[in-house]
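Using the sequences plus the hints, can you model the full thing?
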Amino acid sequence: MPTIALRFSPLAEHVRTARLVAVSVARRAGFEEGQLDEIRIAIGEACARAVGRTTVDGLVDMHLCDDGARLEVVVVERGADGAVLPVTGVGEDPLALALLQGMADDVSVAGSTVPADGPREGVRMAWSLQEAAPVTTPGFGSAPQQRQRT
Amino acid sequence: MDLSVTSREESGRTIVEVSGEIDVYTAPTLRERLNELVGAGHHHLVVDMEGVEFLDSTGLGVLVGGLKRVRSHDGSLHLVCQREKILKVFRITGLTKVFPIHDTVADAIAASASVDGAGAAS
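Residue numbers (numbering that gives the first Met the number 0), protein chains in the order written: chain A, 0 to 149; chain B, 0 to 121.
Just so you know, not all the hints are guaranteed correct.
Just a few of them, taken from the derived set where beta-carbon distance is under 8 Å, the chain B residues facing chain A [as the list claims (entries may be wrong)]:
(1) F53
(2) S56
(3) L59
(4) G60
(5) L86
(6) F89
(7) T92
(8) V114
Note that these hints are calculated values from the structure, not bench results.
Using N, Cα and C, we set each Cβ at its ideal position, and we do this for glycine too.
Laid out in structure tokens, this is it:
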């Protein structure tokens, strides 16, 4: 079940909103600042790409799923009838593709593994939560590993 | 954060100070400003990005477009940036090999002058 789903009209100004939502969810999930920067950029690229390819009467969906260890984000394009559009042209912009691949731990396109209840199409990105190093407190043994929080 | 673009002349170079977020929404504003400057005869640009909080591929495309335009007039485009998160965007896309990137505006002006000829008319 996606933690958060955001649907917006394909307007460039809404891409910033999508970035803010994704980073907010990631921060709450425990991702540290460096990873938040990566998430911010990759989500921006995926959503900007979707906005550029969706017709004005279409919609862009962003699904975020946090299972406690991993954040998965899927961005899909919908046509005027609400039907999910096939992802095309991901490799057409080498700068955008380089940033998508460079910033996400995993990137895949359409038809691959997605959140169980999420869409089956779209650009999927995933980040694994980096565990903080165990903290040893003298006299109290090792503290349990905790998520990094900023 | 909205995009802010201001420019000034310094040592024969045009310093373009950019701050805020350069993304798919704001990049056209930067493109327009760079085009205006080049069109007005400013062919040696130093783009100061120290105030830039976010940069995406659209913004990179605008900078590449600006570089092509000034080069078509035998000009130059140098960048000033020390922010690691912005530098990372240039590194991942391989554009550190395309743009000369400096720590300070003074460094950029010095490098620009040494390559293009000190005080070259723009």
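Verification of the hints:
no., hint, result
1, F53, "7 Å, holds"
2, S56, "4 Å, holds"
3, L59, "5 Å, holds"
4, G60, "6 Å, holds"
5, L86, "11 Å, violated"
6, F89, "10 Å, violated"
7, T92, "5 Å, holds"
8, V114, "25 Å, violated"
Violated hints, listed in ascending order, are 5, 6, 8; each of the other numbered hints is respected by the structure.
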